[in-house]
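Visitor: If you want the building blocks of each chain, they are given just below.
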Amino acid sequence: MTIRARVTGAFLAAVLSTTAFNGAFAAEDTIKVGILHSLSGTMAISETTLKDAMLMLIEEQNKKGGVLGKKLEAVVVDPASDWPLFAEKARELVSVNKVSAVFGCWTSVSRKSVLPVFEELNSILFYPVQYEGEESQRNVFYTGAAPNQQAIPAVDYLMENEEVERWVLAGTDYVYPRTTNKILEAYLISKGVKPEDIMINYTPFGHSDWQTIVSDIKKFGSAGKKTAVVSTINGDANVPFYKELANQGVKAEDIPVVAFSVGEEELAGLDTGPLVGHLAAWNYFQSVDSPANAAFIETWKAYTKNDKRVTNDPMEAHYIGFNMWLKAVEKAGTTDTDAVLDAMIGVSVPNLSGGYSTMMPNHHITKPVLIGEIQSDGQFETVWETPGLVLGDEWSDYLPDSKDLISDWRAPMSCGNFNVATGKCGGKGS
Amino acid sequence: MTEKNPRTLLYLDGVSVSFDGFKALNSLSFVVEPGELRAIIGPNGAGKTTMMDIITGKTRPDEGEVFFKGDIDLTKRDEAEIAQLGIGRKFQKPTVFENHTVWDNLELALNRGRGVFATLFYRLTGEDKRRIEEILATVRLTARRDDLAAGLSHGQKQWLEIGMLLAQEPELLLVDEPVAGMTDAETAETAILLKDIAKTRSVVVVEHDMGFIRDLGVKVTCLAEGSVLAEGSIDFVSNDPKVIENYLGR
Amino acid sequence: MITSFLVKSLDRTIAVAVAILLLLAVIVPALNLLTAPDHPLHVPTYMVSLFGKYLTYALLALALDLVWGFCGILSLGHAAFFALGGYAMGMYLMRQIGARGSYGNPLLPDFMVFLNWKELPWFWYGFDMFWFAALMVILVPGLVAFVFGWFAFRSRVNGVYLSIITQAMTYALLLAFFRNDMGFGGNNGLTDFKDILGFNIQADGTRAALFAASALALAGSLVVTSGIVGSKFGKVLVALRDAESRTRFLGYRVEHMKLFAFTVSAMMAGIAGALYVPQVGIINPGEFAPANSIEVVIWTAVGGRGTLIGPIVGAILVNGGKSIFTAAFPEFWLFALGGLFVLVTLFLPKGVVGTAQHHLARRRQARAAARKEDEQTDLEDAKPMAAE
Amino acid sequence: MYRIIQTVLAMLFLFAAMPQGLRAAEGLRNLVNALGEAKLSAMDEHIAALAKTGEPEVVAILDALGAGNLYARKTDGQVFLTKESGSNLALIDPISGESAGETPKAAMSKIKVNNSVRRAVRAALGGLTLLSPDRAQRLKAAQSVLQTPDVDALDAVENALVAEKDEAVRTVLEQARAAMLLASDRPIEEKKEAVRLLRENGGREALPVLSAALGSAENGLEQDIEAAIASIEQAQEFWNAGQNVWYGLSLGSVLLLAAIGLAITFGVMGIINMAHGEMVMLGAYTTFLVQDVVRTSFPHLFEWSLAIALPLAFLFTGTVGLVLERGVIRFLYGRPLETLLATWGISLILQQSVRTIFGPTNREVGNPFWMSGAFEPGGLTITWNRLWIIVFALAVFAALLFLLKKTPMGLQMRAVTQNRRMASSMGIRTPLVDALTFALGSGIAGIAGVALSQIDNVSPNLGQGYIIDSFMVVVFGGVGNLWGTLVGAFSLGILNKFLEPYAGAVLGKILVLVLIILFIQKRPRGLFALKGRAVEA
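In order, the protein sequences belong to chains C, Y, B and W. Residue numbering for the first sequence follows numbering that gives the first Met the number 0, beginning at 0 and increasing consecutively. Residue numbering for the second sequence follows numbering that gives the first Met the number 0, beginning at 0 and increasing consecutively. Residue numbering for the third sequence follows numbering that gives the first Met the number 0, beginning at 0 and increasing consecutively. Residue numbering for the fourth sequence follows numbering that gives the first Met the number 0, beginning at 0 and increasing consecutively.
Looking at chain C on its own, in the form it has when it is part of the complex:
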């Protein structure tokens, strides 16, 4: 046999075996759920955990008998941190694997990449990560935090409890930090902060040399006014950032750093001893003291067979989203997209911090906002909590062009960008 023939043969065999593989599953009568999280590439570090969490939730639900009398079946694909591949895989999940809903994406760009696919094929996406807002789409449910569910309460906390007057807004240069910082800047100025008391700094993805920036922060913080850093620094860049903070002796008591993208998972790669007291704002911490959370953590540790695995906010978002979907499917009595989309609004399920979260007509959910301080064991301790639940505000009130927009996916409005000033759907409605 020639080499060419051998190679072709091997390839054909691979193709055949995968089709057979898929075919075998299709024979059973199950409800399929797609999981669209990167398992390789740069985002695997964050997203793999979410895939595991989803698999666990599905397994647990199947133990309880599935939904509508059918078992759930997870379809896992790897979009490999490659944004166009997200779109391809989403299309594959919906049109080839015929999944009823997809749980996935982490970065905004991956969500943006799959949006048209879900719109076109009319399927459902649950998006579990805090994001910049400025979006509301018929086929997407946003279970992570909008800026008002994270950033603004955190700034409020610092202003009231730590009497912060000077602000460093440090972020990775991409859309989430840019938008969040725009919103925060507008908010701070509306609260009487002077523009010269705000320093904004952007760094590239994966930035690892923080010496200059940390020393700039120290300098900025030595103007005699209480200073805080609001960090929207993304993923990988955080570990060297915090290491540099610790080594240059920036203590939380002097210049606290409040982060919106640093959770238990990120801290797991750090010696948090020198970081005690720096803050994070989320809607969930692993340390939250509630029976639901204790049970969740126990199941998670058992499922991963690892006592050290931590839980985090996006996992809770998937937990909420998944339970909401189950409830909506039961309410609708079908997994048909349109029926589920209708049934979703108003669905209320317990969250892990001891309350209930509700899906609102703008496809965002209500959540408590927690401010936590980093502890030496890599966990957060809640030091402040919003008195009630906060509703995710998709169109920020602090940006001039979006303050007139609202979204409501209930009939008869059914609009993602209704302009209350002109009374028309579609931005300016012109």
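Accuracy of the hints is not assured; some may be wrong.
Incomplete in silico selection of chain B near chain W, CB under 10 Å [said to hold, decoys possible]:
#, residue
1, L114
2, W116
3, N157
4, I163
5, P289
6, L336
Keeping only pairs whose Cα atoms sit at most 27 Å apart, straight-line, the calculated DSSO-like set for lysine-lysine is [claimed, not checked]:
#, chain 1, residue 1, chain 2, residue 2
7, W, K38, C, K224
8, Y, K57, W, K521
9, C, K250, W, K139
10, Y, K68, Y, K198
11, C, K250, W, K405
12, W, K104, C, K218
13, C, K330, C, K63
14, C, K330, C, K300
15, C, K193, B, K193
16, W, K191, C, K224
17, W, K82, C, K250
18, C, K225, W, K404
19, W, K104, C, K307
20, W, K404, Y, K22
21, C, K217, W, K139
22, W, K82, C, K300
23, C, K423, B, K193
24, C, K300, W, K104
25, W, K38, C, K225
26, C, K326, C, K63
27, W, K191, C, K218
28, W, K191, C, K300
29, Y, K68, Y, K57
30, B, K117, C, K190
31, W, K521, Y, K22
Here are the simulated distance ranges between beta carbons [what the hints assert, rightly or not]:
#, chain 1, residue 1, chain 2, residue 2, range
32, W, D133, C, E159, 47 to 53 Å
33, C, E59, W, W369, 26 to 32 Å
34, B, L142, Y, T141, 33 to 39 Å
35, W, R325, C, L67, 54 to 60 Å
36, C, E195, W, T52, 54 to 60 Å
37, W, W369, B, F328, 44 to 50 Å
The hints are simulated quantities; they were obtained by calculation from the structure and are not laboratory data. A quick note: this is a predicted structure, and the numbers were derived from the prediction, not measured. Yeah, the Cβ is synthetic: ideal placement off N, Cα and C, and Gly gets one too.
Please arrange chains Y, B and W on chain C, whose structure you already have, making use of the hints.
Guide: Just chains Y, B and W, lined up with the frame of chain C:
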């Protein structure tokens, strides 16, 4: 030392070049007349190849003058330009285009338009075809015209390269060790070929093979340590005591 | 003898490939649009856009092959030209959204609105016209390649050095496009496209048309490349690839030759990018990632560099494999991909197509010479390291 | 607020009826137990009340509070100092300091602290330990008083100054006194003197004090303060330049570490080793594994874990390199561009292997104490880890240079890379030398990983972040020249750090890349090119 003469084909005066402190050429002066066949000998490191590099524009001299056809300053031009002016060069190691056929090798060497678009829209004319066939016959490769150059024997590659130089129609040919690795018969034939070529153009041959140079029977220049040691007939040069000491050995 | 065989078979293969592509351009859209979804011959839209995407990748690989396979310039930055073409097309598509964006701003794309941009940056002018965008798709990558190549080839940056600085180029572009201040949408890039030339970009008909356009573009480029490679210019390219100094001493301005090939290749890559963007619906700086450019090199190597069909086959094989493996073995597909690269370089240095052609040619030659040698050729071919 | 004063008063009233010693102890216990019920916002007053007692036990209690080791028993509200003991807490009586048994964590509730509580603790502790017999503790106390100058503590500081003999502590205390003075109602002459002192001694720390004082300064003092601020800022400008050089050197040392292994595999051997970054990553993971074992089995060796990891990382990555060379790369000599493809494939496999084995998330590699923190000579801030990394990078460079230039092994390596055939005919076993050279390059990448694990993420993506920079450094410096790599790394580092403040981190990096591209046009063979007449055909 040498007079600049408008009739002189190649004129080098006081050319020096050094690499990392090592003086490869040391105030070298050297003249080639039109139609002359000249042999250059010298020990390793005498600067033979460097001299060729300078003439063909591969290396820029640190100082000195290099003129072609009286008033064309070669130090200001690059390889392609110098080649187009009519100076051809054969490397020490035979370099032909191995992934091309013998025919294509010659076609590429043919003295025609060498611009991007000239080559892109080039069509093989009857005249060019005849010319290539002629050269094939001269270098005795007619039978192998459609074979890849990679398949040729060492000697055949040397000949193909000489054929390519012919196709280039240069006025001056620089030939670096053309008979290295050739059989005696091939060597003899190469000598005849070179003498033949020298009837219509100037040729400079660098060679170690004293027998071959004797076969050529031409004026010899001996280089050592980057400058000219002696110049004259083979017998004159090989009896020069400095040459014997430096090169031929005691 | 061998050459005449090769030349003939080469021409024949190209003709066949072009014919297949033309046929695909007609049949696939027809099967997609005219047959019912449950018809056995129905091609689902999913497949149409997937293969449309592969075809643009194939075009990119072909473009790389022109400079790498035939000219010996290993560009590790070819995805940059692809992305530049893609951005030019993306800008057109963004302008087509008009007032249908979230904020209903008729002039500014959404990402500019919520980052408080007040005016359209000057470099966005003209992109509302298709002809202008189409021109830019070719001109921008061509110009970047021309300027970059003019500097690099003039100063004779070669081999590994050239590869590394092409990588630096794409890396610098990556960082630049990530910057939100650049006005290209930062990390999110350009997305939310609505229509192209007045047709809804999500409609099956548009997708089928884009597929056909990709197939036609690939066929067209194949003809052009084959023309270039077959001309005397092509022979000069191969000559300078194998023996650059020799070519110089024959009087060819190597830097001009390289510059021409590099620029043409970048333009082809730009066209590929422009066709890619409407089919995947997004363009973002991730396309500039050096890893992407390396992947293109790998498609070309797998298929067989220095052959025209090779990169096309390679691009489709590797990407098809990637599509299958990322779904079937999500945890392990990188092992498969990594392993493939190692195995191909070790055992198939000429690539799939190159090895096949080599094999065929030798077999024919052997058969013509003597039947007895047949077995031996096989033996030699089977010995992996014997090749090259 | 009012209620707290009420309780405190009530307690004070209670004590009056008790015998002196017992009364104090009992009062203290009540104050401590009150912490258990206090709201976060009211903690300040409680801490102040505790500090006011001046009892020696208070130091340990406040220490525990600040560190989050103070727990209240859920059943009776008794507050204890605690220590982790497995899943239980070991209780220590806050007054007597005696052990009070163990309890499960669930039975205790932690006394919550936040930043403002920690600040209050720090200030209180500063006041309490100003007169401590331990010099280090006095210094720390003085520093914390300086950080949070409080007018009320002025007398305490002045008292301490009278007794203080140690020069270093005195300097800090004097600054603290000056800072407090400015906020007090002392006469203007004393304040002027304070401003002068701050201007002379104070670095950046003096700026906040001065600018705060500027707001409330009386006439006549304002100009003094403004002049002081201007003078300090001017001095800072000078130090900033020095700081930038230091940052540049530090970045350069990181680049040098990342690139030096590549200078062998790519620079000397000509293999475009895309898996180089993964070797660095494997080195970092070796460090993680070593620390993991050390933590669980030999905790007392933790400070030495990096030293243990170094040889292991070298051996491990060296072995991986050896296997790769024998298994793959040796078939590709003379085809440098194809080594790129094969090693790229290998890098994918290595990354995914690590991801499969260790999981995709970051792993924690701790800094030993001698690599934590910073010191401040003049107006500079020099972090220990960066300093050690510079030293380490230079040491690795020197060792490598020595190995290549002065040992038989190095001689053979150079011989083989310069003229393989000749070396082989002289009896050098070229395949062995090739394998060992590659292993050496990989091993050095591995020990670079040990160092980089101290400042970067230990994740499967670690290597990806360094690979492009490494190639830039080697190419910029000149392939095949170790000195070129050294100079290249440091000059790129410094260039980057000088561009960063003006252009920003992103644009700075782009500019550096563009400059490298332009530089390569000018000198196609890099900074330290090997010149020669070698005719390439």
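Visitor: Which earlier hints turn out false for this structure, listed by number in ascending order?
Guide: Of the numbered hints, 1, 2, 11, 12, 14, 15, 18, 28, 32, 33, 34, 36 do not hold.
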